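Peer 1: When you get a sec, could you build the whole thing from the sequences and use the hints?
The residues making up each chain are set out below.
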Amino acid sequence: MTKNTNIRISLPAVCFVWQIAMIILFGIFIRYDEESDANWVKHMEEKNISSHIENDFYYRYSSFQDVHVMIFVGFGFLMTFLKRYHFGAVGFNFLIAAFGIQWALLMQGWFHYFDTEDWKIKIGIENLINADFCVAGCLIAYGALLGKVSPVQTMVLTLFGVTLFAVDEYIILELLHVRDAGGSMVIHTFGAYYGLTISRVLYRPNLFQSKRLQQSVYHSDVFAMIGTLFLWMFWPSFNSAIADHGDGQHRAVINTYLALAASVLSTFAISSLLQKHGKLDMIHIQNATLAGGVAMGTASEFMITPYGSLIVGFCAGIISTFGYWFLTPFMEKTLKIQDTCGIHNLHAMPGVLGGVVGAITAAAASESVYGREGLINTFDFKEATAKRTANVQGGYQAAGIFVAIAFGIVGGALVGGILKLPIWADPADANCFEDEVYWEFPDDEGDHTSVNGHSNANHVRSMPPELFDQSNP
Amino acid sequence: MTKNTNIRISLPAVCFVWQIAMIILFGIFIRYDEESDANWVKHMEEKNISSHIENDFYYRYSSFQDVHVMIFVGFGFLMTFLKRYHFGAVGFNFLIAAFGIQWALLMQGWFHYFDTEDWKIKIGIENLINADFCVAGCLIAYGALLGKVSPVQTMVLTLFGVTLFAVDEYIILELLHVRDAGGSMVIHTFGAYYGLTISRVLYRPNLFQSKRLQQSVYHSDVFAMIGTLFLWMFWPSFNSAIADHGDGQHRAVINTYLALAASVLSTFAISSLLQKHGKLDMIHIQNATLAGGVAMGTASEFMITPYGSLIVGFCAGIISTFGYWFLTPFMEKTLKIQDTCGIHNLHAMPGVLGGVVGAITAAAASESVYGREGLINTFDFKEATAKRTANVQGGYQAAGIFVAIAFGIVGGALVGGILKLPIWADPADANCFEDEVYWEFPDDEGDHTSVNGHSNANHVRSMPPELFDQSNP
Amino acid sequence: MTKNTNIRISLPAVCFVWQIAMIILFGIFIRYDEESDANWVKHMEEKNISSHIENDFYYRYSSFQDVHVMIFVGFGFLMTFLKRYHFGAVGFNFLIAAFGIQWALLMQGWFHYFDTEDWKIKIGIENLINADFCVAGCLIAYGALLGKVSPVQTMVLTLFGVTLFAVDEYIILELLHVRDAGGSMVIHTFGAYYGLTISRVLYRPNLFQSKRLQQSVYHSDVFAMIGTLFLWMFWPSFNSAIADHGDGQHRAVINTYLALAASVLSTFAISSLLQKHGKLDMIHIQNATLAGGVAMGTASEFMITPYGSLIVGFCAGIISTFGYWFLTPFMEKTLKIQDTCGIHNLHAMPGVLGGVVGAITAAAASESVYGREGLINTFDFKEATAKRTANVQGGYQAAGIFVAIAFGIVGGALVGGILKLPIWADPADANCFEDEVYWEFPDDEGDHTSVNGHSNANHVRSMPPELFDQSNP
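Which chain is which? The protein sequence lines are A, B and C, in order.
Per our numbering, residue 35 is the first one in the first sequence, and the count goes up by one each step.
Per our numbering, residue 35 is the first one in the second sequence, and the count goes up by one each step.
Per our numbering, residue 35 is the first one in the third sequence, and the count goes up by one each step.
What you were told as hints is all true, and nothing was included just to trick you.
Which stretches of chain B does chain A cover? Using the computed rule of at least three CB atoms under 8 Å from a CB of chain A, they are:
| hint | stretch |
| --- | --- |
| 1 | 55 to 64 |
| 2 | 101 to 110 |
| 3 | 114 to 121 |
Restricting the straight-line Cα-Cα distance to at most 20 Å, the calculated cross-link-like pairs of lysine to any residue (SDA-like) are:
| hint | chain 1 | residue 1 | chain 2 | residue 2 |
| --- | --- | --- | --- | --- |
| 4 | A | 81 | C | 405 |
| 5 | B | 454 | B | 38 |
| 6 | A | 81 | B | 84 |
| 7 | A | 76 | C | 405 |
| 8 | B | 416 | C | 76 |
| 9 | C | 156 | B | 405 |
| 10 | C | 76 | B | 401 |
| 11 | C | 245 | C | 360 |
| 12 | B | 76 | A | 409 |
| 13 | A | 310 | B | 457 |
| 14 | B | 81 | A | 279 |
| 15 | B | 416 | C | 73 |
| 16 | A | 310 | B | 462 |
| 17 | A | 416 | B | 76 |
| 18 | B | 310 | C | 47 |
| 19 | A | 154 | C | 402 |
| 20 | A | 454 | A | 241 |
Don't read these hints as lab results, they were simulated from the structure.
As the structure is a computational prediction, the values presented were derived from the model and not from experiment.
Think of the CB as a built atom: it goes at the ideal place given N, C-alpha and C, for glycine as much as any other residue.
Peer 2: Shown next as structure tokens:
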């Protein structure tokens, strides 16, 4: 009945071997690009660049740091809502991301930045942002599996997730020449279907045995709001981080800022509407308020107009909140998909919506709105796609959605199959959502209940449950 | 005796209708400005701008993100100090700000950025910063009302607050041509008197009935410190975000940084001095340490000198800490102003001080210190005010303080009157400062006290109160 | 037996007198530099600077803000891991830093930025960053003393710490012409040995009396993770904040980003390897994951290559984690050094490692890798050191390590002697790690245990300890 959750061999082995593999592969393949190399001064002279400020670093660094905060604090703390899985939320999020960004630099490097002359990948600030983006896909997937997988499984999930992501991204962005600056398709749609499919394969019929732990307490909802707010505040940076210099980044920020604001209002409205007495539900506030950012991932750099952004955010908040209310229970019962964080509502649906919005906006783009050069710059209608029209671009954008979904589902099925093997030290059904399975806790002797020298249930005074519980006293 | 706090119709109605109104008004009025429009490349050519880095986005974006953090995490978490109002603090702060920034873009747009040629408001990064600033005024006001108003009331408060703010700002900045980069007058003084006057109108003689909830517990003070620190750290960005490019932003950062440092020391000094055994009080540390930033809001871009900034911060910290000790109880008992967060001490007094400091510094400005061009740039002595002297500017600055106070008090009285109507579902006196009034909590069945299958007060072991309480064991 | 911990005279006196001294010294010595002075426009014309964006402010401001977050939230929250010392961790960290940055501006100003023409120190954004750096050294030292010193002692510690730091920095950076952009030697090595030596001098043989408080509880580990993550995420900014414009800052970010990622994996590996069942220990995750950033402090701006950075981070994580396991108990028992936060493992060892890595990398630098100009720029081989070779530079780098250690140990011994005087109101051995000694807590009457009007240990319902304790239920 009790599963073996000993990871003393497997976790160190995976971390060590994979990290050493990273070192070797980085040694073979990865070098500084011309903007981060000490020869930058020479490069400036050759390219007639007059100032250090033209180094891409100064265009993107503050956006990069914001994205970095979203990955590590945003995703990490958003998942602390469970009452007894804070370490697993923040800690395994940390582990996934730290490994994932290294592997992503390699995978994305081979597909996008490979210099065939010297067989090297040259990295700069844009690569770091893209690596963070790639990891976001895996963290979204982890959201569906939170509390039900071992740290070793999260590493496997990341290894394959990053690999699939890089191929998927290559097909969508390079082969189909689709624009997806904030990754509605590439990051959110892919990541969500990848995680949901894995969760389906790993379905636990007896998960109700740890139902007592699959909920929040008062302070855990506050910790989770730290995650929500850092995601919400920095989402404009996320959607603009790799957009074009100048108006591209500027516009992406405005559109995302507005979409997010609108989704807060529609989330509060629907959340209140759904409950007796109109009481608000923290699950909605923590998640659906972010749907505007997800849904603005593709179109953020387009001329969607400020009111267009508001409409997108407004709809995304509604869809997402209804999803938490209707779809999550339905999916668990009928489709047997156990989605701990509700990523279907926050990433899958708004991600697809974002792809659709992007396709429509792209198809409707015209020279009268963008200007001739603006149209070329925004959609990168150069070289191979120099003759593509906005209409055709819309079609390709739409195709991107299906590629992302397909990669998520097929990839998730494969990886789910691997993760189902009985070798990964995952927790028993009754011990899910429980930090003690994988984290050391001080033993009783050193514990604070032993204030008087011995641990005893009755000798210590108590605190009123209303302070930390969410129960009615 | 028990009030009807059902918001199931009113909150969704307000959120929906107002959000749809925003969409319509944005559709009619709001467009991208030339720096965020796809025609930016054409604009660069016309204006002979050589590089994308000259887009205002790169001058202000990182400051904008810092301000954004102050609004959502800073103000939100600062208000989590109450033991049982974390959701209301962070959540309604979120709601106010998300609605307020949209309405502010319109209101400030009509007054400051309206293009009479095509009847459109053109927005860019500076507008986003100003919208965040405008919302700060409403959040300050909310600080006085925290725990005593319904979410619908917060929306009404914001609608009128933003409207008043925009008019007030127009009079002070445009008509009187007053400089107020960090908003000592426009944001802090106005916001504080607006909130305090509303609180006076909504005076609750029986508020003592929920006195048990109007205090902090150990961990809530730590959550509040998250807010304090993010406000404190990013205040240099707040005061410099819309200052002039170059030395203006640079100097505003230095002055604010120094004023804040000095107010930390004077706060610690007075806090210790006031208590038996010299024990420090977290209320002071959480709030009065920020007074230096408030008081440096007007003069931050002036040549106030580094030691001048230290003096301002030093005095602000002293005044603010004494305010918490003497004035807050006095105001509650004598003036019948119940000020939950003590905004009178953190925003009203330091804000007025900031206005006075700004007036004096402006009056003392001279060409020998600023240089000819520097004086013109700093005080924008161009066009209509090309002939204004520093002395005269000082007089106008002083006038700005009274305008801000007047707008706060008169506006607050009007809005207080509206909020006093018995239709807003505000909580009963005994249920103030209590999240359960407006927030859903899991029912008992799913609650974590039912570890053994039933909820029972005695069967669960307890924790020593000294860990979370602030009582002496 | 009970010590006098009354600080009502001493703390206000120290804060007041020292703050007023700062104001006077700033009045005498500190002025704006040419980039933050209103005469900047004139300066632009004279120096033929074409754009405001060339103001150093725009090169460094977003890095500065990140460093600022590390100092106040990063260090502050990292130290909240103790169950009952949250206020002291965040609050005294705040006090130390707010005083320290002012004193650092003076001390570093006299040594590095003193203008002998007008006897003034001219400050700009780089000075603010350097002041934050200087304070980091004192905060590291405070980590060893956390919970065992009074706030007055922290002020004394900071006064002398900043003084020693500035001299140490002058010798290493100016006289020896050593490069140390992220301060492996100047900040981490010095700060750690300074704190450890003071801790040795202040050794408390009876500290076991407060052993019950010298540990974490569930939620305090989550608060500490806020500190960890903000340090981890912003460390690339720390190591690049004062690096050379252009490729220098760019490369420092990449190197630090990679080193940190690698140290996460090696920390997880070793942490799991050390425990029964492979369970992870939060102490390791909170601290050793940061070792990569410390160890990359010197070499971050060098051409260490991306895989070189991974190797450094990988080793630093291993060393640091083993340190927590083996060395901390050994040091306490054998060397009588009580190191509350384990700064020996996080700062001393990785700092020395960073110095060694820097020396080796510098010695191995060549024109073929850096380019002629790149080599000169990176190592600043100009003027007095124009003829220094990379090899010789390596030797000087190595010498810098010893200077930093010597300053830490000798300075720590002196300051430890001063702090040992029985006048500083430090806590008794049984009251260490306890906030109530220096912080006001609401008295029982107002306390939340008196829900029914009186405080009673038994009448309030309790919560299960497993929610907040780390004990096994």
